[in-house]
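Enquirer: Heads up: the sequence lines are chains A and B, in that order. Residue 1 is where the first sequence starts when you use our numbering, and the numbers rise one by one after that. Residue 1 is where the second sequence starts when you use our numbering, and the numbers rise one by one after that.
A hint or two may mislead.
What the hints assert, rightly or not - Under the rule of at most 25 Å between Cα atoms (straight-line distance), these lysine-lysine pairs were calculated in the BS3-like manner: (1) 146(B) to 138(A); (2) 146(B) to 358(A); (3) 146(B) to 146(A); (4) 219(B) to 355(A); (5) 215(A) to 61(A); (6) 215(A) to 303(A); (7) 386(A) to 340(A); (8) 175(A) to 143(A); (9) 146(A) to 175(A); (10) 2(A) to 56(A); (11) 138(A) to 175(A); (12) 355(A) to 386(A).
Quick caveat, the hints were computed from the structure, so don't treat them as lab data. Please read all numbers here as calculations on a predicted model, not as lab measurements.
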Amino acid sequence: MKVHEYQAKQILRMSGVAVPRGILATNAFEAEDAARQLGGDVFMVKAQIHAGGRGKGGGVKVARSAADVGDIAERMLGMKLKTPQTGPEGQEVRKVYIEEGCRIARELYLGMTLDRESGRVTLMASNEGGVEIEETAKHHPEKILKVAVDPINGLSPFQARQLAHGLKLQGEAVKEFAQFAMSLYRAYMANDGTLAEINPLAVTDTGKVVALDAKMSFDDNALWRHSRIGQLRDPYEEEPKEAQARKHGLSYIALDGDIGCMVNGAGLAMATMDLILLSGGRPANFLDVGGGADEKTVTEAFKILLGDATVRAVLVNIFGGIMKCDVIANGIVAAARQVKLNIPLVVRLEGTNVKQGKQILAKSGLKIVAADDLGDAARKAVAAAKSRRTP
Amino acid sequence: MSILVDKNTRVIVQGITGSAGSFHAGQMLDYGTKVVAGVTPGRGGTVFQERVPVFDTVHEAVERTGANASVIFVPPPFAADSILEAADAGVALVVCITEGIPILDMVRVRRYLEVTPSIRLLGPNCPGLITPGECKIGIMPGHIHKPGRIGVVSRSGTLTYEAVKQLSDLGHGQSTAVGIGGDPVNGTSFVDCLERFEADPGTDAVIMIGEIGGQQETKAARFVKEHMKKPVVGFIAGRTAPPGKRMGHAGAVISGGEDTAEAKVAIMRECGITVCEAANLLGKCMHEVLLSRRQKPSARPARAAKAAKK
């Protein structure tokens, strides 16, 4: 789960990470007032959307007075901010974060995430502050310093100092950086982080180390033990169907094709999408109903698929293991009764309780195109979608 | 022959009284697996389905039944603890079916297992493993499997079933089918399984089913090139998945490599793996590889050399 910059900074501040003072605003009056409260003569006005690359799209501006802050906020709020990560439509700006400016001597990068290979949380640091880490990795991989953390021992101060040394920090800044990294690690571990990125990390002219930007995301599977993090979710940042699916424990990702897919298992779901494309069609979504779904969940999944107006055919591909085919069949029948089914439905069932599942579908009286195997199912779904495409 | 499990494997079911645990314990028993004990804290002394004794702790279950494998159906908040309990009791093979364990819990489990190399963890978030006709530990539908000589290893549960069914339908049985699970931090890797399949005299060829994300397939491909004589058929799911939807790029940066389907397919080909283009052709692809080997006995250097010696 992703959070906004201002939320990440709140979490970091609680763990003792140095962040600039800032106030959130939802309109221009609040923004100007925030600047007056902060005082000083340099301010940052920052659009709060989840996507990165905000600066490139005009979502991060410097202001020289409180009135200036108000004017910038007025233009920024409500605009559709387009960044390399938002897609062509952009994301509407609903909140801006007003921050005090600071005197920057150097800009660095500090990030933290899981290294799948070693199975350890790993810190990455580089001198290339403000540059995306992917870019640095591509052009100057030697500039990225890495430290893997032993989960039993935690991050050791010497490891943090080693990073500071590698970044050629000196004097007070070494101690400041080490403290910063230790606090960042604490915040990450205490909240089940999956990513923490401070880019840029500023070293001020007085040797202070401050997080100018902060990006954090958290483990969805651990939210049950962090109710405060769960409350930071911003529904406006989520695709409505994806949010609806998540409520029912389904994994759904919207795509731009016209064949709705319902599959059990992420691997089979991806392989089914691949096969639809190979057969000349385009999947409308990725939907993994998972292993523990009951009849009600399947019904909800089906409703989400049919609620998409661009869907011209639905392909259900289930290979039952922990998931039983009769449960899927009952869910499909229940959903088809609740929502009027007026597009072709191709179903392929295999595995646990497959006979019962097929019987339930046969008795239901629903118009279902039965498929024998995965290839057959993909071909039939593609043909069905094509037959309903208006020329 | 087989890898990891056979007819002598004695299995504990952790979480045997829960809904998934009880259903699948029953299915495993029906398949013929030696399920010798169940563990549910607070339910010790009861008997599951009038045939399996239930204990409060894994230690007690091991002591009383001599179990050497365990399968975990415990809810995510408690699953990491259950893995550690089984490992601490000295269970040699721990299979964790549970999906949704917090990543940092698994980071700690993996650290523990690094210093206890005698314990092998499979999963979490996996379907388990099966040696057809002998032992089924997990949630896979038993009836699609057939005893035979093809090894199957996969990150995805349902794609494993897909491969197995296609193989069985074409008359190719399986030595062992292993689902290693899709979590970012897990126990057994592709390489761990490939190593065992290569050494197993009961396995002639291997199907390896991977996905986008991570570096496991790349490592496995290099292992195939350097250490395997048996033919390997490979598949990567997610060739059409939109990038960046499931994992951020920071993970890939750390591992220092490409983790897209194209990159994986390319390196697999380079390493001599026959890459299957579509999931419905897994069985057919293996069938053709086996046929071509039969027609060209020289393509099997190990066997050809052995035959020459005779």
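Enquirer: Does the structure break any of the earlier hints, and which numbers would those be?
Expert: 1, 3, 4, 6, 11, 12
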